[in-house]
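J.: Sequence:
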Amino acid sequence: MNARHSSEQASLFAIATPDRTAIEIEMLRHAAIRARDQAIAEGVVNFFASLGRGLSFIGRTLLSWPARQSTYESLRNLTDRELADIGLTRGEIAHVFDPDFRTLAPKAVSPAKPAMASVTVTTVHTPANANNPVRGTAAAA
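1 is the number of the first residue of the sequence shown in this note's numbering; add one for each residue after it.
If you anchor each label on the Cβ, the simulated ranges turn out as follows:
1) N46 / S6: 52 to 60 Å
2) T71 / L51: 25 to 33 Å
3) G87 / R60: 22 to 30 Å
4) R36 / Y72: 48 to 56 Å
5) A41 / D80: 55 to 63 Å
If you are wondering where the hints come from, they were derived from the structure by calculation, not from laboratory data. If you're wondering where the values come from, they're calculated on a predicted model, not measured in any experiment. For every residue, glycine included, the Cβ atom is placed at its ideal position computed from N, Cα and C.
Please model the complete structure; the sequences and the hints are all you need to start from.
T.: And the structure:
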């Protein structure tokens with residue numbers, strides 16, 4: 001023991017020197033702090049990415065608004081016959097810009113193939129002697 005330190009002070013130094021479990025606990029604490037900070041950073045990055053996507057969507061919507069409005073007004077000015085020619089009804093005009101509106105292109109009309117005539121086979125039951133010309137017919141006599 002150092003002569004400049006009393007025995008009481010020396011006992012304090014013994015407590016201050018970390019043992020192996022205290023070092024492991026401290027390492028775990030620092031690892032937990034790093035994991036927490038990384039999770040917070042990922043959350044912040046995801047938040048700003050979502051915010052950027054939202055602002056981008058709003059911008060695209062605002063830029064496409066005049067063209068959409070013009071198309072909508074043009075469709076409203078068509079007659080019912082003209083709408084039928086392009087495959088729309090007046091009730092569908094409001095839904096033309098919905099993402100799932102007619103996702104599949106209409107199929108081209110192909111010439112109809114002649115249908116195969118369905119053949120039905122019927123069984124006729126006749127008496128056993130109906131085909132015998134000798135028995136009871138006028139032609140046999």
